[in-house]
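Those protein sequences? They're chains A and B, same order as listed. Each residue of the first sequence is one higher than the last, beginning at 1 in the working numbering. Each residue of the second sequence is one higher than the last, beginning at 1001 in the working numbering.
You may find that some hints are simply not true.
Unchecked claim - Here are the simulated DSSO-like pairs of lysine-lysine, each with C-alpha atoms no more than 30 Å apart in a straight line:
id : chain 1 : residue 1 : chain 2 : residue 2
1  : B       : 1148      : A       : 77
2  : A       : 258       : A       : 17
3  : A       : 81        : A       : 59
4  : A       : 74        : B       : 1033
5  : A       : 338       : A       : 317
6  : A       : 260       : A       : 17
7  : A       : 59        : A       : 77
8  : A       : 83        : B       : 1048
9  : B       : 1148      : A       : 156
10 : A       : 156       : A       : 269
11 : A       : 156       : B       : 1048
12 : A       : 77        : A       : 338
13 : B       : 1033      : B       : 1148
14 : A       : 81        : B       : 1033
15 : A       : 317       : A       : 156
16 : A       : 17        : A       : 59
17 : A       : 77        : A       : 89
18 : A       : 59        : A       : 338
19 : B       : 1041      : A       : 74
20 : B       : 1048      : B       : 1148
21 : A       : 269       : A       : 258
As the list claims (entries may be wrong) - Which stretches of chain A does chain B cover? Using the computed rule of at least three CB atoms under 8 Å from a CB of chain B, they are:
id : stretch
22 : 97 to 109
23 : 128 to 140
24 : 179 to 192
Hints listed in this document are in silico derivations from the structure and should not be mistaken for laboratory results. Note that CB positions come from ideal geometry on N, CA and C, so glycine has one too.
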Amino acid sequence: MGMTIAEKILAAHSGQKEVVPGQLIECATDWVLCHEITTPAALRMLEERGMDRVFDPEKIVAVPDHSVPAMNIKAAKMYQKLKSWVQEKGIRHFYDVGRGGIAHVVLENTGLIKPGQTLVSGDSHTCNAGALGCFATGVGSTDLAGAIYAGRVWFKVPETMLIRVTGELQPGVTPKDLVLEVIRRIGADGANYLVMEWVGETIERMDMEGRFTLTNMAIEAGGKTGIVAVDDTTRAYLRERGVTPDQYTESTSDPDAKYKVVIDLDASKVEPTVAYPHIPSNGRVAGQDRIPVTHAYVGSCTNGRISDLRDVARILKGRRVADGVQMIVVPATQAIWKQAAQEGLLEIFVEAGASVSYPSCGACLGMHSGVLGPDDVCISSSNRNFVGRMGDPSAQIYLASPATVAASAVAGYISDPREYNPAGTEAAD
Amino acid sequence: MPTVHVFARDHINTDEIIPARHLTTDVEAELAKYAMEDYDKNFVRRVKPGDIIVAGADFGCGSSREHAVWALRGAGVAAVIAPNFARIFYRNAINNGFLALECENVVETFMDGDPAELDLTGGTITNVRTGQTLQFVPVPQFALDVQKAGGWLEYMREQDRQQREPSPQEEQHA
Ligand code: SF4
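Chain A on its own, in the form it takes in the complex (with noise of 0.2 Å):
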């Protein structure tokens, strides 16, 4: 029987030549991704049962990023016990801050995240991997500490549910709108268990950093990873960071293999999308309601990469920031923040008005850095817009793509970025 590619790796991964969704495997993890929040629990398990090893050093990669710089003596203590764990194990793959930023999105920038690997995390966005047709899902600190132990965890091997798209996306329109708009069709649980592969001549001509987008917020469907198939596209991305195509398997799925459920969609009829609160599928069109807001966020795993900041520049680039509304833009890593500056786009922020922070997840989980406070609005293109996520329970939190965060940073309230010269012509005046 057809094989999905996400079967075919889990296959490879648990010593069997098929597997079938629903079999419980023991699957082999080719690396092991920490950062401080949910690894120093991990730890304390291990060492608490006489288990403190990790199976293999050059395999894990630990990136502090949630409560860095530490913003209370708690977050520096979780942060030191990653750090002297790192020392203490040899782990080489370390990127501290100052030479890190939001790990998934280091991760995938490193190469050594390959294709056909089997890859996780304790954070539910590690699925942001699968872009490069690998097997990347989040777990718990238990699993998380199973897999620095034995660099194992069981699966249960899930169903997949294909994603077909075809059309072009109108000027305007990105990734994020897109994967909105699949999450606002088939609802916050409507992944879930599933792997949510993505094809179609849509994703064929998206770059990179537009896959990214997409298997990212697989979570906010309830999916256990979004995938992507290799193609041109991704061998050159690896190939750029010094990765050839003889150190990685390439998996497509099988013409027959079996999909849960089929989804397609006519990319050029997604139009800006903004997920309203509580929950990342209330999606409507950006502008159809007029929502003022306070405050204003670029960044996280889901959008903070280089282009997400052209998106942005090229809607500030001479206009500012509405009075009252507080904007900040947190580049995902060092690397993403340092090409920023040479393309002046941090200038362009900071001539517009708008904070430029230091890359962490900081504001996107509310734990420092521009958490916000009761009753703020804040216009985010970041994943969870989830009662509390940012801080007080009582503000209100739409997502949607940082094109959209800027245009309505602009105008004060949540507005379509398609009136503000999106497609990258300068403004008329």
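Position chain B with the ligand against the provided structure of chain A, taking the given hints into account.
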């Protein structure tokens, strides 16, 4: 007898179960003080050891934080029963030997404060006030094995031990 706390809404997420501002600890007793804080601030004052949460579909969606399971268990919750669970919460529950039971129509069958009887061998939950009994989806054998071992890490350690020490038959053939 356990009391049922009904959280009828679908998609109750881990940010509501344990908000990120409390994630600077992983001590269960500490997390327990904030269980369900952003959904119902008073829950921790009402809940008694052994109580049961009945919730809407997709319980535990969002962040992978296992702290959600620990906070609930620390607060005394013995089981969460919902039509279905978000997958990471579900596997965290299995790995901790915590009961996350899948059961249709459970929200409609209970009112907040109802006394309940949970029969794990029979696979049923009964509303003692109304006498209504529901059958939940049987817990998978693997989950029971993990629970029996004391959790996923113990289960793994056991496996490793067995691999290192060949079984008596293997020794005979060696
Ligand atoms: S940026 Fe936000 S969603 Fe992404 S890993 Fe950090 S906290 Fe999680």
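key: Those earlier numbered hints the structure runs against, lowest number first   = The structure breaks hints 1, 8, 10, 11, 15 and 22; every other hint is satisfied.
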